[in-house]
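Turn these sequences into a full structure, and let the hints steer you where they fit.
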Amino acid sequence: MKYYDRLIFELSKKGRTAYTLPESGCPAESIPAGLQRAQAPGLPEVSEVDVARHYTNLSQMNFGVDTGFYPLGSCTMKYNPKINEEIAAMPAFQGLHPLQDESTVQGALEVYYEMDKALASITGMKHFTLNPCAGAHGELTGLMIMRSYHMHRGDLARTKVIVPDSAHGTNPASAAVCGLEIVEVKSGANGLVDVESLKPLLGPDIAGIMMTNPNTLGLFEKDIKEIAALVHECGGLLYYDGANMNPLLGMVRPGDMGFDIMHLNLHKTFSTPHGGGGPGSGPVGVAERLVEFLPVPRVEKLEDGSFHVVRNCETSAGQVSAFMGNFGVILRAYAYILMLGKQHIKMAGKLATLSANYIKECLKDAYKLPIESVCKHEFVFDGLIDDGSSTGKPGATTLDVAKRLLDYGFHAPTIYFPLLFHQALMIEPTETESKETLDLFIEVMHEIAREAAEDPDILHGAPHLTPISRPDETTAARNPILKFE
Amino acid sequence: MSTFPYFPHTEEDIRQMLDRIGVKSLDDLYADVPADFLYKGEYDLPDAKSEHEVRALFEALAAKNTKQTVFAGAGSYDHYTPAIVPYLLSRSEFLTAYTPYQCEISQGTLRYIFEYQSMICTLTGLDVSNASMYDGPTAAAEAMRMMVACAKKKNTVLVSASLLPQVKDVVRTYAKYYGTTLKEIPVVDGQTSFLSMKELLEQGDVAGAIIPSVNRFGIVENLSGFAAELHLSGALLALYCDPSALGVLKTPAELDADIAVGDGQSLGIPMSFGGPSVGFMACRKEHMRKLPGRIVGQTVDADGKRAFVLTLQAREQHIRREKATSNICSNESLMALFVTIYLSVMGPQGLREVNEKCYSGSHYLYNELLKTGKFEAVFPDKPFLKEFVLKPLVDLDALRRRLQEAGFFAALPTEEGYASFCVTEKRSKEEIDALVAIVKEG
Chain A
14 MKYYDRLIFE LSKKGRTAYT LPESGCPAES IPAGLQRAQA PGLPEVSEVD VARHYTNLSQ
74 MNFGVDTGFY PLGSCTMKYN PKINEEIAAM PAFQGLHPLQ DESTVQGALE VYYEMDKALA
134 SITGMKHFTL NPCAGAHGEL TGLMIMRSYH MHRGDLARTK VIVPDSAHGT NPASAAVCGL
194 EIVEVKSGAN GLVDVESLKP LLGPDIAGIM MTNPNTLGLF EKDIKEIAAL VHECGGLLYY
254 DGANMNPLLG MVRPGDMGFD IMHLNLHKTF STPHGGGGPG SGPVGVAERL VEFLPVPRVE
314 KLEDGSFHVV RNCETSAGQV SAFMGNFGVI LRAYAYILML GKQHIKMAGK LATLSANYIK
374 ECLKDAYKLP IESVCKHEFV FDGLIDDGSS TGKPGATTLD VAKRLLDYGF HAPTIYFPLL
434 FHQALMIEPT ETESKETLDL FIEVMHEIAR EAAEDPDILH GAPHLTPISR PDETTAARNP
494 ILKFE
Chain B
6 MSTFPYFPHT EEDIRQMLDR IGVKSLDDLY ADVPADFLYK GEYDLPDAKS EHEVRALFEA
66 LAAKNTKQTV FAGAGSYDHY TPAIVPYLLS RSEFLTAYTP YQCEISQGTL RYIFEYQSMI
126 CTLTGLDVSN ASMYDGPTAA AEAMRMMVAC AKKKNTVLVS ASLLPQVKDV VRTYAKYYGT
186 TLKEIPVVDG QTSFLSMKEL LEQGDVAGAI IPSVNRFGIV ENLSGFAAEL HLSGALLALY
246 CDPSALGVLK TPAELDADIA VGDGQSLGIP MSFGGPSVGF MACRKEHMRK LPGRIVGQTV
306 DADGKRAFVL TLQAREQHIR REKATSNICS NESLMALFVT IYLSVMGPQG LREVNEKCYS
366 GSHYLYNELL KTGKFEAVFP DKPFLKEFVL KPLVDLDALR RRLQEAGFFA ALPTEEGYAS
426 FCVTEKRSKE EIDALVAIVK EG
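So the sequence lines, in the order shown, correspond to chains A and B.
Reading the first sequence from the start, the letters are residues 14 to 498 in this note's numbering.
Reading the second sequence from the start, the letters are residues 6 to 447 in this note's numbering.
Be aware that one or more of the hints could be misleading.
Claimed, not checked - Chain A stretches covered by chain B per the calculated footprint, using a threshold of three residues with CB under 8 Å from any CB of chain B: (1) 233–243; (2) 370–384; (3) 413–422; (4) 483–492.
What the hints assert, rightly or not - Examples of chain A residues toward chain B, derived with CB under 7 Å: (5) D18; (6) L56; (7) F76; (8) G77; (9) G81; (10) T117; (11) E123; (12) A149; (13) T183; (14) V208; (15) P286; (16) P292; (17) K355; (18) K363; (19) V387.
Said to hold, decoys possible - If you want the footprint, here are the derived chain B segments under chain A, 3+ residues with CB under 8 Å: (20) 78–88; (21) 91–104; (22) 124–135; (23) 268–278; (24) 422–435.
Derived from the structure by calculation, the hints contain no laboratory data.
Ideal placement from N, C-alpha and C gives every residue a C-beta, glycine not left out.
Structural data, given as structure tokens:
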């Protein structure tokens, strides 16, 4: 990757243009001066060639799944099939206005209907809404459904939600946006939710519990049956954070484990591209008794086989996005599900789990494995076994290992999460990486461990081969420069 | 059945990996899962398909949609997409990247977000923009929460009845659970009522108001004095804007707004049945630390080179958990890139011309429709840009159906029973005349 130091504004030259617009033939009318801004916006004036080269150059300072291996824990950076892109770009889908009459969008509505059905079967839930635009948006929507259920029953005292200390940061944040108070439950020494710590927290003020299973350590919450029984007994509901659904694909269904509400990340489990941080899609599924609380609008099939959009429903939790979510992302995920079919889905979770366990076993001689156990799609190391501090120099940290990996052409794992360990290094390989890629990663991780033991300064200064070296983040936050001037 | 193209494992690979782990089979990796949770049924999914079959299936689905010439807006606008925008967006370095947490190998993403923020700032005239929100309505809901957070002890937000229905609905949903009291400012003569707003302010507890700059009737609202009145009561003004229209209209800063939100779809993003789009959100500097979502800042690297990083992260969920300003994590980054490239292509002159063409086209249609005698004006003295409403003097449903059969999506009914029309730069005089001819027939 080469360093390229321009901003589009710096290419601007007055009078240069890159656009063409049609002549409408309508008589020209002037926009009243009284409505207008005093000065034209300070947008760049460039040619199309400038635009093409500038953004191509920018792209070349970026690392994507198509560039190389992305072992980013909890993010499920699997390969993004190209057929998905072709489907989402079809003019017959891109040209649809969201408020067109139902009779003119039957194909689009059928996608919603079939997608709902497929996700319900894969997860063991009754129905899904596809309206949330991302995972955290799904969490919020799911919690709104949880609250609607309690409110509908007149059970207004349920204002608290239990969240494990190992949960994704979005869980407590979503709960707060939903007006819920957060009660944290501690993990036991085995990394799992401790049933005995949970029991005293349960009561008539508990709306429910948010869990991800396997949890963020990649460990299966084996007591889930007992936890589900306890939470249900106290009148609460179980929310499943689907960020970690990948190892369960084709193996275990959250609905069967007793979860009442869940979200999926189509940009994780169902292969749609992350786009540098969205657009994602966070469908929310519910058990049968919660279907009436799903957001509107919703698609249903009528007796004559046609599809209909339900816009009003008295018990619904409400409307959560502009129309019906990120249709373009839903199309991509549906294409992936059709490729996967009922045959290949059975291997998806297993191969993701195989790859994670393989890396873990191969690297635990050089990196601290805090909990010795079979993992699912991901696992967490707690830093290096030998950080090189015996050389008299400061030891190499997890941050240093992550930055050194960039020099070797790999993306870094998720670092310093979960918060249970000080040097957390969270690795998730996914099922789309070959054994050769995993072996190369393992070899590099061993090499980095050797470098750390012999001379940790090599790691402190990393990365050395990227377009920029480590940036000054303190100054960035202290004296924020947030726009071009 | 053929193998799956995205699973690279051979039988031998699997065997070697299992041996290294020290288990006998793939199922052994699930030995920690209680046996009754292992799914033994058959998934209710179709048989696995080849690419060719998948393409054919979607072509069949696509054939069940009917192409319409779009003469309606209501929050989704049929503007032109320059060819270069989707072309550059499809570069896999942008498309398949994650959130730019590892800044050393994400300078491409970080730079375009910085450019995007700069463009949102120049369009709105405000100081700080975040890296994007999901869409316009959720950005408005976040503005509601942000104003409550800024006001500290006040918990009421005023919402104009002239906002698009989906904006009001999403704000209402967020308010219900977050526990914010909403009060609606009524519409008088197609515009947010200043007097009613004043009365609501006198009742106290108001943290801020959400008001559109161009409302659901297409009217450019006269908002002079609104911000001053709100500020007198210690309340903030969040303006809901059409960013394309901001190429020519008074900016939120000129209207003295504190926050600007809206939907970026009007900046050339395909309608795509409603998504993906992108929400934008900008504010004045003093409220910067209450802004939700990601923000990119400029700094230098260890060698003094200009570099870009995610900054002010102490506002965000991955650091602050339940104390974060919002739960937003993934936003609409790639669509922010869309908007950035679109605005680079259009420049200030192109964006102005888009608005002028919309203005000329919509006024031509407006006048021609009145001439048919099938409609009458509702707000004859109110200015509009590309969207307008008329009162139908004929059965609106029947008319809409006739237009639809002729291939036009137009005359969308509002809650008052008016017919809403929209003309973008894509609509030619021939198309407009053809639409008017259908109206005349009935």
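Hints and how they fare:
no., hint, verdict
1, 233–243, "holds (count 4)"
2, 370–384, "holds (count 4)"
3, 413–422, "holds (count 3)"
4, 483–492, "holds (count 7)"
5, D18, "6 Å, holds"
6, L56, "5 Å, holds"
7, F76, "4 Å, holds"
8, G77, "4 Å, holds"
9, G81, "10 Å, violated"
10, T117, "4 Å, holds"
11, E123, "6 Å, holds"
12, A149, "5 Å, holds"
13, T183, "5 Å, holds"
14, V208, "14 Å, violated"
15, P286, "5 Å, holds"
16, P292, "4 Å, holds"
17, K355, "4 Å, holds"
18, K363, "4 Å, holds"
19, V387, "6 Å, holds"
20, 78–88, "holds (count 6)"
21, 91–104, "holds (count 12)"
22, 124–135, "holds (count 8)"
23, 268–278, "holds (count 5)"
24, 422–435, "holds (count 6)"
Checked against the numbered hints given earlier, the structure breaks hints 9, 14 and satisfies all the rest.
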